[in-house]
Amino acid sequence: MDLARYSKPYIDGVESFLDFAYSYEDPQGQEIQCPCAKCCNIRWTRRNVVYDHLICYGFVKGYTKWINHKEWDIKLNVDNDMDYSRDDIDGLLNDQFRDVAQAEGVYDGPNEDAKKYYNLFEEASQELYPGCTGFSKLSFTLHLYLLKCLHGWSNESFTSLLELLKEVMPELNIPPSYNKTKSMVKNLGLDYEKIDACPNDCMLFRNDHKNDEFCHTCGASQYIKNPEVNSEVEPSKKSHRVLAKTLRHFPLIPRLKRLFMCSKTADSLRWHDEERSKDGKLRHPVDGQAWKDFDRLHPIFAQDSRNVRLGLASDGFNPFRTMSISHSTWPIMLMAYNMPPWMCMKSEYSILSLLIPGPRSPGNDIDIYLQPLIDELKLLWDSGVETYDASRNQTFQIQAALMWTINDFPAYAMLSGWSTKGKFVCPCCNYNTNSRYLKHSRKMCYMDHRVFLPMDHPWRSNKRSFNGKTEFRPLPPLLKGTDVLNSLQDFENVFGKKRKRSNDGPWKKRSIFFELPYWQHNLLRHNLDVMHIEKNIVDSILGTLLDIPGKTKDHAKARYDLKEMGIRKNLHPKDTGDNKRTKFAKACFSMTNGEKSVFCGVLKTAKLPDGSASNISRCVQLDERKLSGYKTHDAHFMLHYLLPIPIKSIFPDHVAIPLIRLCSFFQRLCQKVIILEELDCLEVEIRETINHLERIFPPSFFDIMIHLPIHLVNEVRLGGPVQNRWMYSTEREMGTFKSYIRNRRYPEGCIAEARVGIDCMNLFSRYLHRAVQTRFNRKAQNNDECDPSDGETVSLFPKKGCPLGAKKTDSVSLDNKSLSQAHAYLLGNCDEIQEYIREHEQEVNNHPRRSKWSKAKDHCQNFSQWFEIRALQEDVPDLIKELSRGPNSVAKRYSGYLINGYRFHIRQRDARRKTQNSGVTVVASTTSFASSKDKNPIAADLTYYGRIVDIVELDYFSHFKVVLFKCDWYEVKKIFMALLMSILTRDALTLLQNRSIATVLKPPP
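Under my numbering, residues 20 to 1024 are what the sequence shown spells out, in order.
Treat each hint with caution, since some may be false.
What the hints assert, rightly or not - Think about it this way: if two alpha-carbon atoms lie no more than 27 Å apart in a straight line, the pair counts; the simulated DSSO-like pairs of lysine-lysine are:
{"hint": "1", "residue 1": "K645", "residue 2": "K570"}
{"hint": "2", "residue 1": "K134", "residue 2": "K199"}
{"hint": "3", "residue 1": "K311", "residue 2": "K300"}
The hints are simulated quantities; they were obtained by calculation from the structure and are not laboratory data.
Generate the whole structure from the sequences, applying the supplied hints.
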């Protein structure tokens, strides 16, 4: 390096360096860090540029060990595990500040990004303490901050920890306080901007109005007016004025660019086009008709799979965790649907775009606060923004489009402009909504669902069972976006809390989303939230069936409404003759107190699989015979799995069947993989089910939430599975926001600051070595990683899962019958043995005079003995020979086992717990005979349910070990003389979902 740069040895050395840097490990794209005296390993350039720089400027002084060009890999290659003990801080800085690192002349007056980059690069180069090689000042500080975010340390405790570390180790090079640490961390991430707002939600003080003080609509000041004080009191010398309302805007464009510039996430943004299954089933929004229609209308946008499709979710929440304080904060969240379904809805990949302040809900004026986001979306659509794609080493023009919004029903009105109250409440039926005002109940009901049935359906002409009229109107058409925009072309939007209402129609405004050029053509603009619909339906069903005061829909006023409508005369109120009391007949869905106790008892004693739901039994009050305090996911689980059990046992068929069909509808609607052809059957079923319910329940039961399931199937057809379009992820995120509150005076400020720090940590976590616990590699609750020393390299039965319990093992001696059954089961489910099974079947079938029953019986009973003899031949591998000899009679016994992330217990262990994890189900391949003389047996896959009674580990004399579940099986149907040869097990997720709840619950006789 000290040779003359024009000399041949120096030039040969440069060539040798470049050969080493490009050959030992693939560089990032075709670029490496340039080690010349000018670039100082900061800029990433191509080989020819590096060569020119090294000839012109020479190597940077002191760069004798090429640590930035993988020279340290030579030592690390001795032990592969050491490769994961280094944090990729250099990769983090280069990914996030690539424009700065490659910019020419950055040393001449660096901008703010350049200053951040050089400060971070300097801190990454500083030793944590003299002689430390494992951590730098930056990496250690980021590790500490990561622990703070993961475990919820307070700011004061973090500062105290830094002070203690500095006191114990004075030479430790760390920030002195939390504030200094936060400043360092924020340089890695993206900040937010504050935008002043009118206290009456009339306007934002931005762009041309940034320096204005008073609102142009209502005249209110953007500052809080100080209270008048006594003139004798000396006025305050402080000139600081407090803003009345502040919107916090987290710019979308730099956050989208960061997803592509990060080498850890750039690949996933093309998953929807390059890696997804394309078999016609609905798994992702890309499989829906709305996405396909968008691509058809905008082919230029669809050409590049990196162009981002976004979903917008919003809802209000109280950040103070108490209802005694009235406060409503509204976050605006964005999801990038380019990612796979297991990533796009996760909080680590969601984008907080806006934080609308309280204490009041923005209501119809939310469009005022959406203006900064809409401006960004218009820019991303019209011209796009240049960004770098780390996965392809390309610079391209990124574009983005908003596909739809996700919100509960009240927020639906705020974002769409269609009123969700009154006569035309349904946004799908729009002006064709069938509604009726109930005089006595003083509410609107939404019935007459026969309009959704086929024109030749017999119920259309059935007067007596419905509203006393025939129904021959056609199916109401959906309102297209172009029709909405045309009808609202001259609509004048007036915003602000002090505005005068001049329009009594269903449209309250022209939504700001119509400013997006493509919005009017989107097939699905606003989603109906399945989560809240399920919760409201469960409330209505439980309140009515259990006759809970204040929640039942079958009350005295509802009976008078029936009389007013002149239908169901048997339920009309009847005077007793003394003009003092009124008698009400029992409805077909009414229960006695004993039946209510049984109904609640089934839910109270339900033992559910671990992790499937919360402890629902705490919500059941047996003395009062009611349920209260359950959350949305509790309602989701009860509707799908629990409610059909007591309903089927207590109610007559004409009441139970439609309710069970309603539960089954939501269960199938919420599947993660949906066959497109099944949606038509599902749509027909829900239309008939809702009409069937009209024949049972009073009109007051049919609020808008009972009506909305009619439209859910069509939204699945357009937008894909509901998991990508419901509010669960957003609600969980808002619950996390509540934990960010440190100063109750400024809740939105606390959330904004914490969110910026969390985003930085999510970014940093992707560059840490695997041994560090982060949000991305945190172990699951049922972690089933086994000890590598206990693992076995044999391919026949690889080691999976791990046992449970403090005393995990107990030796047991198996009798001959159990041992032979376990060995036979193992042989029947080993892929390597299938060719021998077919060979034995062929030998047995060579006896033409024997019946099929005797052949099958012979094959099942004698295969193990035949196989042991067959394995003695020379053409059989050694492992197969060891397997043929059978297991040791002494086995290990466990009371619990973790496998594939799920927990399994034996029945005896389950008896002491509130959860049940002993239920299993398998699909068995069986050959069924009607009798021993049956010449045409039927081969089929049958479902068996069972309970685990024992978990044993068979030992094949130290060659390999196998864990088996011994179960008591329950057949779904009676099978005569069925021979079980092999059992085809499902994966653990299917196993969990198909557990037999009925084997644990105790339904009434």
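What hint numbers does the structure not satisfy? No numbers; nothing is violated.
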